[in-house]
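**Student:** Going by the numbering used here, the first residue of the sequence shown is number -3, and it counts up by one from there.
Do not rely on the hints blindly, as some may be mistaken.
Unchecked claim - When the alpha-carbon atoms are kept at most 20 Å apart in a straight line, the in silico EDC-like pairs for lysine to aspartate or glutamate are as follows:
no., residue 1, residue 2
1, LYS160, GLU192
2, LYS160, ASP193
3, LYS160, ASP207
4, LYS98, GLU119
By construction, these hints were calculated from the structure, which means they are not laboratory data. Everything numeric in this text was worked out from a predicted model, so none of it was measured.
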Amino acid sequence: IKNEQSALDRRGLPTPSEMVASEGYRLIDSGNYQRLEQMGRFRVIRPCPSASWPVGLPRSEWRAQLTFLSADAAGGARWVGPALHEAQQGAIEGHPPPWTLKSGGITLGLWPSSNGQVGAFPEQEDNWKWLRECCAAQPSACRVLNLFAYTGGSSLAAARGSAKVVHVDGAKAALSRARHNAQLCGLADAQMRFLEDDVMTFAARAIRRGDRFDGVILDPPAFGRGAR
-3 IKNEQSALDR
7 RGLPTPSEMV
17 ASEGYRLIDS
27 GNYQRLEQMG
37 RFRVIRPCPS
47 ASWPVGLPRS
57 EWRAQLTFLS
67 ADAAGGARWV
77 GPALHEAQQG
87 AIEGHPPPWT
97 LKSGGITLGL
107 WPSSNGQVGA
117 FPEQEDNWKW
127 LRECCAAQPS
137 ACRVLNLFAY
147 TGGSSLAAAR
157 GSAKVVHVDG
167 AKAALSRARH
177 NAQLCGLADA
187 QMRFLEDDVM
197 TFAARAIRRG
207 DRFDGVILDP
217 PAFGRGAR
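Make a model of the complete structure from these sequences and hints.
**Tutor:** Here it is, written out as structure tokens:
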């Protein structure tokens, strides 16, 4: 810990006590274009293109149950590690996820995907807390539209605050995960609609219908497969 803190102090970065902390997530170290994270049960190493500085901890501390390797001479981009088989069970439809993350008052199932993602973005924890508190503070149940809603972190936070949520994403797998995450959170009976649709198409129809929402969550991915 001493080495970790002194190295981070030298860089002017947050010390471990100042980092994002939740029931299931901790940023342990970063550098050399990678990040070392504790995500639920497993310690994970993933690429981080913005981490151009040297690592703070000794390399001997960079050990993980799951590591995502970029494509190299040995093969394409891939996950490796002793926990890989167990973690992959969460990708099986209908199989209880053995790997979960508790953050911002919600529980999300995790799984190692082919692009290095795990099905959750724990850096959104403060936003999830704000959404829950904001929705809960309304005099009556507000109506929230979440576009590009992915696996449902923001949708579930709003629902936790008693909002009526319309959750829209064009990826069938993400919709399935979002529904399952609602069950993990005990929100299977909440007023949530999960819609598989192209966001631009849905938005155009909603405008023509005259739909109204009290809040809109819009967090598009950097890349998409839609026509526009």
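**Student:** Each of the hints needs a verdict: does it hold here or not?
**Tutor:** Status of the hints after comparison with the structure:
1. Under the criterion of a C-alpha separation no larger than 20 Å, the hint pairing LYS160 with GLU192 is consistent with the structure, at around 17 Å.
2. Annotation: proposed proximity of LYS160 to ASP193 holds, straight-line Cα distance about 19 Å (limit 20 Å).
3. Between LYS160 and ASP207 the alpha-carbon distance is near 14 Å, which keeps this suggested pair within the 20 Å criterion.
4. Using a Cα cut-off of 20 Å, the hinted pair LYS98 and GLU119 holds, with the two alpha carbons roughly 12 Å apart.
When each numbered hint is compared with the structure, no violation occurs for any of them.
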